[in-house]
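Taking the hints into account, I'd like the entire structure generated from these sequences.
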Amino acid sequence: DTGVSQDPRHKITKRGQNVTFRCDPISEHNRLYWYRQTLGQGPEFLTYFQNEAQLEKSRLLSDRFSAERPKGSFSTLEIQRTEQGDSAMYLCASSLIETLETQYFGPGTRLLVL
Amino acid sequence: AQTVTQSQPEMSVQEAETVTLSCTYDTSESDYYLFWYKQPPSRQMILVIRQEAYKQQNATENRFSVNFQKAAKSFSLKISDSQLGDAAMYFCAYTQGGSEKLVFGKGTKLTVNP
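From first to last, the protein sequence lines are chains H and F.
Position one of the first sequence corresponds to residue 1 (my numbering), numbered consecutively onward.
Position one of the second sequence corresponds to residue 1001 (my numbering), numbered consecutively onward.
Please keep in mind that the hints were generated in silico from the structure rather than gathered at the bench.
Glycine included, every Cβ here is placed at the ideal spot set by N, Cα and C.
Among these hints, one or two may not hold up.
What the hints assert, rightly or not - Listed next, the stretches of chain F that the computed footprint assigns to chain H, with coverage defined by at least 3 CB atoms under 8 Å from CB atoms of chain H: (1) 1040-1049; (2) 1060-1069.
Said to hold, decoys possible - The list that follows gives simulated cross-link-like pairs (lysine to aspartate or glutamate, EDC-like), each with its CA atoms no further than 20 Å apart: (3) F/Lys-1109 / F/Glu-1015; (4) F/Lys-1078 / F/Glu-1061; (5) F/Lys-1078 / F/Glu-1010; (6) H/Lys-14 / H/Glu-56; (7) F/Lys-1073 / F/Glu-1029; (8) F/Lys-1106 / H/Glu-83; (9) F/Lys-1109 / H/Asp-86; (10) F/Lys-1106 / F/Asp-1086; (11) F/Lys-1106 / H/Asp-86.
Pasting the structure below:
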């Protein structure tokens, strides 16, 4: 059973560019979460999916951010017109409803906006 | 607002000794779950231990145990026989039953001295 994977692991981009990250959850996990972690802080919730439905979005998720989970499998997180303040680690996690809320995290995508 | 407070930004312990990391949380819900996650340097976050709020018995996982005081909304982590590999950031988090997002504290950086 492979864990949560994320791609790319690192991304450097220039301000104003668009970036897209991918997350592949643990097989059969029906919930998928995105978090953002800045230096010296704990992760902050961005959004989550149950199967293909996006059920909650944080106020942190401005209209420049969009997430999808087509077919309830992998998910993508896109940031349009990146800003320097978007520099952070973007973490993906997945869980199975039946396992009582335990979320398993991927290695993260570290974004640097120049 | 739902919050998690870790009052110790940094802690250190001698190898083979015991250390306790503190965590308090604030929620008005009665059904929730508490977690300790470990994030080693440049590595992904992994689950250390979890506690269901409805259970009075404190959770244990090998050298890791918790002291769950529901009335005081306190959830401390005790690491016994500390090992060099325990060095990491430790995050306390909780999620409400039937949900969704994890709410994290800011973390405690644990150093293990040989």
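Tested hints:
no.	hint	result
1	1040-1049	holds (count 5)
2	1060-1069	violated (count 0)
3	F/Lys-1109 / F/Glu-1015	15 Å, holds
4	F/Lys-1078 / F/Glu-1061	10 Å, holds
5	F/Lys-1078 / F/Glu-1010	15 Å, holds
6	H/Lys-14 / H/Glu-56	29 Å, violated
7	F/Lys-1073 / F/Glu-1029	11 Å, holds
8	F/Lys-1106 / H/Glu-83	24 Å, violated
9	F/Lys-1109 / H/Asp-86	24 Å, violated
10	F/Lys-1106 / F/Asp-1086	18 Å, holds
11	F/Lys-1106 / H/Asp-86	19 Å, holds
When held up to the earlier numbered hints, the structure conflicts with 2, 6, 8, 9 and fits the remainder.
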